[in-house]
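J.: One letter stands for each residue in the lines below.
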Amino acid sequence: MNTSIKRRVFLKGSMAAGVAGVAVSAGLLAPQAVLAAWNEKAFHAKKVDEALSNLMGSAASTPSGDIKVKAPDIAENGAVVPVTVSTSIGGVESIAILAANNPSPLAAAFDMGKGAQGYVATRIKMGKTGDVIAVVKAGGKMYSARKGVKVTIGGCGG
Amino acid sequence: MAKSTIKIRAKVKGGVTTVKCLITHPMETGTRKDKKTKKLIPAHFIQEVVCTHGANPVMTAHWSGGVSKNPYLSFKFEGGKKGDAVSISWTDNKGGSDSATAKIS
Numbered sequence: 000m001n002t003s004i005k006r007r008v009f010l011k012g013s014m015a016a017g018v019a020g021v022a023v024s025a026g027l028l029a030p031q032a033v034l035a036a037w038n039e040k041a042f043h044a045k046k047v048d049e050a051l052s053n054l055m056g057s058a059a060s061t062p063s064g065d066i067k068v069k070a071p072d073i074a075e076n077g078a079v080v081p082v083t084v085s086t087s088i089g090g091v092e093s094i095a096i097l098a099a100n101n102p103s104p105l106a107a108a109f110d111m112g113k114g115a116q117g118y119v120a121t122r123i124k125m126g127k128t129g130d131v132i133a134v135v136k137a138g139g140k141m142y143s144a145r146k147g148v149k150v151t152i153g154g155c156g157g
Numbered sequence: 000m001a002k003s004t005i006k007i008r009a010k011v012k013g014g015v016t017t018v019k020c021l022i023t024h025p026m027e028t029g030t031r032k033d034k035k036t037k038k039l040i041p042a043h044f045i046q047e048v049v050c051t052h053g054a055n056p057v058m059t060a061h062w063s064g065g066v067s068k069n070p071y072l073s074f075k076f077e078g079g080k081k082g083d084a085v086s087i088s089w090t091d092n093k094g095g096s097d098s099a100t101a102k103i104s
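Protein sequences, first through last, are from chains A and B. For the record, in the first sequence the residue sitting at position 114 is 113 according to numbering that gives the first Met the number 0, with numbers rising by one throughout. For the record, in the second sequence the residue sitting at position 20 is 19 according to numbering that gives the first Met the number 0, with numbers rising by one throughout.
Incorrect hints may appear among the rest.
Here are the computed lysine-lysine pairs in the DSSO-like style, where the Cα-Cα straight-line distance is at most 30 Å [said to hold, decoys possible]:
hint : chain 1 : residue 1 : chain 2 : residue 2
1    : A       : Lys-40    : B       : Lys-93
2    : A       : Lys-67    : B       : Lys-81
3    : B       : Lys-34    : A       : Lys-69
4    : A       : Lys-113   : B       : Lys-68
5    : B       : Lys-34    : A       : Lys-149
6    : B       : Lys-81    : A       : Lys-40
7    : B       : Lys-32    : A       : Lys-45
Residues of chain A clear of chain B, computed beta-carbon distances all greater than 12 Å [unchecked claim]:
hint : residue
8    : Glu-39
9    : Asp-48
10   : Ser-52
11   : Gly-56
12   : Ala-59
13   : Thr-61
14   : Pro-62
15   : Ser-63
16   : Ile-73
17   : Ala-137
18   : Gly-138
19   : Met-141
20   : Ser-143
21   : Ala-144
22   : Arg-145
Hints in this document: simulated from the structure, not taken from any laboratory. This structure is a prediction, so every number in the text was calculated from the model and none was measured. Cβ coordinates follow ideal geometry from the N, Cα and C atoms, glycine included.
Build the full structure now, drawing on both the sequences and the hints.
T.: Here's what the structure looks like:
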């Protein structure tokens with residue numbers, strides 16, 4: 000118990016230092032506001048819940064049948080797993096795609112602007128067999144759906 | 000850059016525009032090791048992709064190294080017309096960037 004708390008404090012500290020470091024180097028190389036918007040904490044989180052609470056403010060999502068996650072049942076090459084997320088839920092604000100068993104689960108987050116429909120397709124990497132989770136934020140609420148993908152060759156290691 | 004790193008196709012059907020794009024990028028996670036030198040290959044991946052239709056930012060994508068090499072992206076939006084310009088620009092963690100524009104067909 001005690002050691003785990005210490006570890007947590009250490010992680011927090013190193014994370015804060017990391018953020019500062021990125022901010023400084025970004026300022027020197029390319030002073031662009033867009034880099035500040037990138038959610039370092041969420042993308043470096045090691046757990047699905049941790050990533051979601053950093054990204055969307057909460058880890059609690061309701062499973063929904065209105066979200067379709069299209070991904071192969073068996074992915075021969077984990078480095079390229081095509082994922083399509085589509086939803087009939089109206090007023091979609093953002094869509095996040097996570098691979099549950101990846102070292103950093105959050106692969107991509109999409110902020111939908113005016114007129115955008117609840118549909119995104121991309122290709123992600125998967126380290127090993129696990130669920131692909133799609134989290135849709137609409138009208139301030141979070142909905143999720145998942146699909147298991149079996150990976151025969153991992154795509155995250157060397 | 001002589002050749003654009005982005006390929007875009009945008010098509011309108013029944014008032015809904017489908018945009019598909021392919022970006023050429025190594026997308027290194029920073030956790031992969033070089034087989035010869037046994038050293039970690041530094042992270043190099045796209046962090047943000049912004050897609051605009053006119054002045055309207057239709058979609059902003061934030062990515063990590065968890066997106067595949069040479070990423071593919073597709074999304075749909077309402078309100079596009081034939082001949083409208085759709086532009087996509089990306090920025091990576093090393094400060095590199097590129098952008099491209101295509102007309103909706």
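J.: Against this structure, judge whether each hint is valid.
T.: Hints versus structure:
| no. | hint | result |
| --- | --- | --- |
| 1 | Lys-40(A) x Lys-93(B) | 18 Å, holds |
| 2 | Lys-67(A) x Lys-81(B) | 29 Å, holds |
| 3 | Lys-34(B) x Lys-69(A) | 34 Å, violated |
| 4 | Lys-113(A) x Lys-68(B) | 29 Å, holds |
| 5 | Lys-34(B) x Lys-149(A) | 26 Å, holds |
| 6 | Lys-81(B) x Lys-40(A) | 40 Å, violated |
| 7 | Lys-32(B) x Lys-45(A) | 20 Å, holds |
| 8 | Glu-39 | 10 Å, violated |
| 9 | Asp-48 | 17 Å, holds |
| 10 | Ser-52 | 16 Å, holds |
| 11 | Gly-56 | 15 Å, holds |
| 12 | Ala-59 | 21 Å, holds |
| 13 | Thr-61 | 23 Å, holds |
| 14 | Pro-62 | 22 Å, holds |
| 15 | Ser-63 | 19 Å, holds |
| 16 | Ile-73 | 17 Å, holds |
| 17 | Ala-137 | 15 Å, holds |
| 18 | Gly-138 | 18 Å, holds |
| 19 | Met-141 | 17 Å, holds |
| 20 | Ser-143 | 17 Å, holds |
| 21 | Ala-144 | 18 Å, holds |
| 22 | Arg-145 | 16 Å, holds |
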